[in-house]
Amino acid sequence: PPSPLQPPGLPLAPCRSFSNNKIQVELDESSGVAVMKFKSPPVNSLSLEFLTEFSISLEKLENNRACRGVIITSALPKIFSSGLDITEMCGKSIEHYTEFWRAVQEMWLRLYGSNMVTVAAVNGSSPAGGCLIALSCDYRIMAENPKFSIGLNEAQLGIVAPFWFKDTFVNVVGHRIAERSLQLGSLHPAPEAHKLGLVDELVPEEKLMEKAAAVMAQWLALPDHARQLTKTMMRKVVLDRLVAHREEDIKNFISFVSKESIQKSLRMYMEMLKKKK
Amino acid sequence: PPSPLQPPGLPLAPCRSFSNNKIQVELDESSGVAVMKFKSPPVNSLSLEFLTEFSISLEKLENNRACRGVIITSALPKIFSSGLDITEMCGKSIEHYTEFWRAVQEMWLRLYGSNMVTVAAVNGSSPAGGCLIALSCDYRIMAENPKFSIGLNEAQLGIVAPFWFKDTFVNVVGHRIAERSLQLGSLHPAPEAHKLGLVDELVPEEKLMEKAAAVMAQWLALPDHARQLTKTMMRKVVLDRLVAHREEDIKNFISFVSKESIQKSLRMYMEMLKKKK
Amino acid sequence: PPSPLQPPGLPLAPCRSFSNNKIQVELDESSGVAVMKFKSPPVNSLSLEFLTEFSISLEKLENNRACRGVIITSALPKIFSSGLDITEMCGKSIEHYTEFWRAVQEMWLRLYGSNMVTVAAVNGSSPAGGCLIALSCDYRIMAENPKFSIGLNEAQLGIVAPFWFKDTFVNVVGHRIAERSLQLGSLHPAPEAHKLGLVDELVPEEKLMEKAAAVMAQWLALPDHARQLTKTMMRKVVLDRLVAHREEDIKNFISFVSKESIQKSLRMYMEMLKKKK
Numbered sequence: 016p017p018s019p020l021q022p023p024g025l026p027l028a029p030c031r032s033f034s035n036n037k038i039q040v041e042l043d044e045s046s047g048v049a050v051m052k053f054k055s056p057p058v059n060s061l062s063l064e065f066l067t068e069f070s071i072s073l074e075k076l077e078n079n080r081a082c083r084g085v086i087i088t089s090a091l092p093k094i095f096s097s098g099l100d101i102t103e104m105c106g107k108s109i110e111h112y113t114e115f116w117r118a119v120q121e122m123w124l125r126l127y128g129s130n131m132v133t134v135a136a137v138n139g140s141s142p143a144g145g146c147l148i149a150l151s152c153d154y155r156i157m158a159e160n161p162k163f164s165i166g167l168n169e170a171q172l173g174i175v176a177p178f179w180f181k182d183t184f185v186n187v188v189g190h191r192i193a194e195r196s197l198q199l200g201s202l203h204p205a206p207e208a209h210k211l212g213l214v215d216e217l218v219p220e221e222k223l224m225e226k227a228a229a230v231m232a233q234w235l236a237l238p239d240h241a242r243q244l245t246k247t248m249m250r251k252v253v254l255d256r257l258v259a260h261r262e263e264d265i266k267n268f269i270s271f272v273s274k275e276s277i278q279k280s281l282r283m284y285m286e287m288l289k290k291k292k
Numbered sequence: 016p017p018s019p020l021q022p023p024g025l026p027l028a029p030c031r032s033f034s035n036n037k038i039q040v041e042l043d044e045s046s047g048v049a050v051m052k053f054k055s056p057p058v059n060s061l062s063l064e065f066l067t068e069f070s071i072s073l074e075k076l077e078n079n080r081a082c083r084g085v086i087i088t089s090a091l092p093k094i095f096s097s098g099l100d101i102t103e104m105c106g107k108s109i110e111h112y113t114e115f116w117r118a119v120q121e122m123w124l125r126l127y128g129s130n131m132v133t134v135a136a137v138n139g140s141s142p143a144g145g146c147l148i149a150l151s152c153d154y155r156i157m158a159e160n161p162k163f164s165i166g167l168n169e170a171q172l173g174i175v176a177p178f179w180f181k182d183t184f185v186n187v188v189g190h191r192i193a194e195r196s197l198q199l200g201s202l203h204p205a206p207e208a209h210k211l212g213l214v215d216e217l218v219p220e221e222k223l224m225e226k227a228a229a230v231m232a233q234w235l236a237l238p239d240h241a242r243q244l245t246k247t248m249m250r251k252v253v254l255d256r257l258v259a260h261r262e263e264d265i266k267n268f269i270s271f272v273s274k275e276s277i278q279k280s281l282r283m284y285m286e287m288l289k290k291k292k
Numbered sequence: 016p017p018s019p020l021q022p023p024g025l026p027l028a029p030c031r032s033f034s035n036n037k038i039q040v041e042l043d044e045s046s047g048v049a050v051m052k053f054k055s056p057p058v059n060s061l062s063l064e065f066l067t068e069f070s071i072s073l074e075k076l077e078n079n080r081a082c083r084g085v086i087i088t089s090a091l092p093k094i095f096s097s098g099l100d101i102t103e104m105c106g107k108s109i110e111h112y113t114e115f116w117r118a119v120q121e122m123w124l125r126l127y128g129s130n131m132v133t134v135a136a137v138n139g140s141s142p143a144g145g146c147l148i149a150l151s152c153d154y155r156i157m158a159e160n161p162k163f164s165i166g167l168n169e170a171q172l173g174i175v176a177p178f179w180f181k182d183t184f185v186n187v188v189g190h191r192i193a194e195r196s197l198q199l200g201s202l203h204p205a206p207e208a209h210k211l212g213l214v215d216e217l218v219p220e221e222k223l224m225e226k227a228a229a230v231m232a233q234w235l236a237l238p239d240h241a242r243q244l245t246k247t248m249m250r251k252v253v254l255d256r257l258v259a260h261r262e263e264d265i266k267n268f269i270s271f272v273s274k275e276s277i278q279k280s281l282r283m284y285m286e287m288l289k290k291k292k
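Residue numbers (our numbering), protein chains in the order written: chain A, 16 to 292; chain B, 16 to 292; chain C, 16 to 292.
Don't take every hint at face value.
To be verified - For lysine-lysine, the following PhoX-like pairs were computed, each having C-alpha atoms within a straight-line distance of at most 20 angstroms: (1) C:52 to C:75; (2) B:210 to C:279; (3) A:210 to C:210; (4) A:289 to A:93; (5) B:289 to A:210; (6) C:226 to C:52; (7) B:289 to B:93; (8) C:279 to C:290.
To be verified - Derived list of chain B stretches under chain A, where covered just means 3 residues or more per stretch with a C-beta under 8 angstroms from a C-beta of chain A: (9) 183–194; (10) 233–246.
Claimed, not checked - Some chain B residues near chain A, calculated using beta-carbon distances under 10 angstroms: (11) 132; (12) 153; (13) 212; (14) 215; (15) 249; (16) 250.
Note that these hints are calculated values from the structure, not bench results. Glycine included, each C-beta is placed from N, C-alpha and C at the ideal position.
Could you build the full structure based on these sequences and the hints that come with them?
Below you can see the structure in the form of structure tokens.
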């Protein structure tokens with residue numbers, strides 16, 4: 016059985032890893048800790064394929080008794096994840112929108128409701144859906160680089176964060192800060208994000224994984240069962256709200272994304288991104 | 016169409032204003048920003064007439080497509096608003112109490128639920144109902160003068176803030192601070208109010224309007240529709256609670272204010288205020 | 016009638032006191048303030064007998080018109096209260112578990128719902144149920160000694176804090192801090208507890224009772240009726256949740272504590288405590 020007190024990753028034990036197209040996972044069975052790295056250039060955007068791989072990877076780890084915790088980070092420089100892939104929301108069929116949105120929900124339900132200890136090692140910018148992933152972990156460590164920013168900036172694109180993004184955000188930063196940040200679609204530079212409580216800790220980028228492993232060891236020192244029941248008690252209300260309104264939430268997304276005005280502003284945003292390159 | 020990026024108030028565009036007895040409103044159509052000034056000496060107390068004018072002014076602006084945001088401030092020195100007018104609660108008929116309380120509710124429902132960006136420029140003390148007005152805005156800037164104080168001090172007069180005052184307060188400062196502040200009926204000097212998160216920013220009094228215009232410009236840089244939907248998502252639960260219990264809340268107020276003990280302490284309080292002059 | 020403005024405890028007025036086996040109570044009728052001292056060596060653990068005395072003492076004071084506030088502290092050095100007495104949870108009958116858990120609930124319902132002003136003068140460590148007692152007061156002052164710690168550390172023993180411990184905690188420190196602290200079973204040294212908002216104020220140990228009396232005088236300066244209604248408004252939702260689920264909560268406790276794995280870890284914990292001595 017894995018010892019929670021053993022320094023993670025040190026005396027090298029049998030280690031299983033698997034890699035899909037978009038995400039690479041390495042599980043150190045001696046520590047019980049998996050490291051999940053997003054590797055979908057250029058910006059780890061959350062496409063349908065990415066989200067599907069993400070959910071499957073989480074499910075595999077969740078069902079692996081040798082895995083007790085997962086550190087989520089990016090294999091790309093400067094970016095953690097750019098959030099939902101806008102190409103999935105432009106000029107597609109209703110069926111596609113339905114499948115895509117269900118995959119977004121699925122990812123969040125698995126991550127926010129995970130029985131594993133989840134630590135986000137945010138090693139780059141993390142807007143919108145990228146921020147949601149960080150918010151859904153148990154603990155957030157961010158590289159202290161002020162050029163990296165994080166936030167639910169949906170309002171800047173003329174779109175509205177779904178209620179469960181909002182619920183997750185309020186649970187982390189409280190109502191006043193969430194209200195202002197969501198309305199302004201703020202992207203907070205790392206130091207500001209730390210001040211607001213959006214991330215729990217800042218460390219120099221080169222120390223990020225070391226710190227994440229140390230935090231993970233601290234969380235894994237607790238008996239799993241009590242910790243898991245406690246986590247469920249804290250998050251159940253918000254998880255249940257999406258489960259209860261899942262189909263309605265999909266309908267809302269479809270009706271929103273089908274609007275010509277929204278399609279137009281998403282297309283303009285994509286053009287802008289292309290020109291930036 | 017108004018440009019949100021244009022510095023507000025500069026190249027002078029057609030500007031509409033209207034003024035009632037108690038409140039003066041100037042709308043700068045080029046920026047889309049209205050300034051609403053309370054001018055009901057001596058202390059901008061919220062009489063039935065004041066509240067009615069306030070609600071009507073908000074409604075006019077809300078329905079004016081040229082108006083996207085409103086800055087609320089006082090035309091009087093040292094006082095933002097002293098809160099509910101106690102003379103409306105003393106020795107009047109049930110019908111009067113009913114009409115008065117409905118006007119208080121109406122004002123809050125309009126302000127807290129406004130689709131406009133609302134910025135409070137708190138340029139003086141702001142107890143009780145005055146504090147509620149500030150709490151109901153999107154952003155609160157206060158003159159840094161420590162002689163100016165703000166808070167829901169109802170308990171000091173032996174009365175209880177209604178549940179929707181409390182809900183609004185908890186949304187801004189969180190449960191612990193609200194619980195203590197409401198029980199003690201605290202009036203927080205500006206620096207303390209800032210520390211508690213009751214106001215978002217302190218500036219020297221002479222910079223207050225300039226700062227409010229700058230903040231407003233920042234908020235107006237966002238597309239209205241997404242910002243409005245986001246605001247609704249954040250505030251709907253609390254707004255709906257009053258809507259659902261409005262008549263009950265009126266009955267509570269009447270039964271409370273009709274008590275001889277309450278009438279007595281309100282009369283004593285008014286005597287004290289008169290002597291102060 | 017007691018004057019709230021009189022310095023508490025000074026010109027000695029008629030003073031009633033009563034003492035049971037575990038708790039000593041002194042009521043100063045001139046100030047309206049009772050001091051309740053836990054005196055159950057070695058660590059003021061919350062046995063069935065202790066809890067019963069605590070509830071009865073609170074009830075007596077609550078029904079005594081001369082008493083308006085209570086300061087809760089420990090008569091023992093270095094420890095406020097060690098929390099629930101584990102011997103009550105080991106190798107006992109279902110009937111005993113039922114009676115014990117009902118007593119825990121009863122104590123909390125009386126303390127969190129008290130009409131009196133309640134000030135915790137935390138003069139030593141305060142884990143688990145000891146922390147709950149402090150959290151249930153209106154105000155928490157702690158001796159600034161960093162060797163004293165406080166927190167809901169149930170997860171460390173492999174058990175889960177009940178939902179109403181959690182609700183009380185969230186009301187004090189907010190969701191993010193409660194989530195992390197509960198999952199880690201953290202015991203926060205006094206300075207950290209202060210930083211997190213878990214305690215409101217730190218003072219040198221020798222000034223603790225003086226400060227508690229001063230805070231009490233400040234709270235008693237408010238009219239009782241308005242303050243009590245305000246407190247009820249703030250706490251009712253959380254109190255009602257336990258009242259509505261009381262029997263279910265007892266069943267949960269019994270089914271949990273009856274598990275062989277839990278019995279084993281509680282026995283191990285007790286052995287460890289014995290060896291420490």
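Restraint status (C-alpha distance of residue 279 of chain C to residue 290 of chain C at most 20 angstroms): At roughly 17 angstroms apart (the allowed maximum being 20 angstroms), residue 290 of chain C and residue 279 of chain C satisfy the hint.
Interface hint check: residue 250 of chain B, Cβ to nearest Cβ on chain A, cutoff 10 angstroms. Holds or violated? holds (8 angstroms)
Confirm or reject the coverage of the region 183–194 of chain B by chain A under the rule of 3 or more residues with a beta carbon closer than 8 angstroms to the chain's beta carbons. holds (count 5)
Under a C-beta cut-off of less than 8 angstroms, do 3 or more residues of the region 233–246 of chain B approach chain A closely enough to confirm the stated coverage? With 10 residues closer than 8 angstroms to chain A, the region 233–246 of chain B meets the three-residue bar; holds.
Hinted pair, alpha-carbon criterion (20 angstroms max): residue 52 of chain C, residue 75 of chain C. Please report holds or violated. Given pair residue 52 of chain C, residue 75 of chain C holds - Cα atoms ~15 angstroms apart, limit 20 angstroms.
Restraint satisfaction for residue 153 of chain B [CB to CB of chain A, less than 10 angstroms]: Constraint on residue 153 of chain B satisfied, holds at 7 angstroms.
Could you grab the alpha-carbon distance between residue 289 of chain A and residue 93 of chain A and see if it respects the 20 angstroms cut-off? Holds, because 18 angstroms separates the two Cα atoms, which is no more than 20 angstroms.
Can you verify the interface hint for residue 249 of chain B: is its Cβ closer than 10 angstroms to any Cβ in chain A? Hint holds; residue 249 of chain B Cβ to chain A Cβ min 5 angstroms, cut 10 angstroms.
Taken at face value, is the distance from the CA of residue 279 of chain C to the CA of residue 210 of chain B at most 20 angstroms? Outside the cut-off at roughly 48 angstroms; violated.
Given the hinted pair residue 226 of chain C and residue 52 of chain C, is their alpha-carbon gap at most 20 angstroms? holds (16 angstroms)
Given the hint that residue 289 of chain B pairs with residue 210 of chain A, test it: the Cα-Cα distance must not exceed 20 angstroms. With Cα atoms ~46 angstroms apart, residue 289 of chain B and residue 210 of chain A exceed 20 angstroms; violated.
Any CB of chain A closer than 10 angstroms to the CB of residue 212 of chain B? Since chain A brings a Cβ to about 6 angstroms from residue 212 of chain B, closer than 10 angstroms, the hint holds.
The earlier numbered hints that this structure contradicts are 2, 5.
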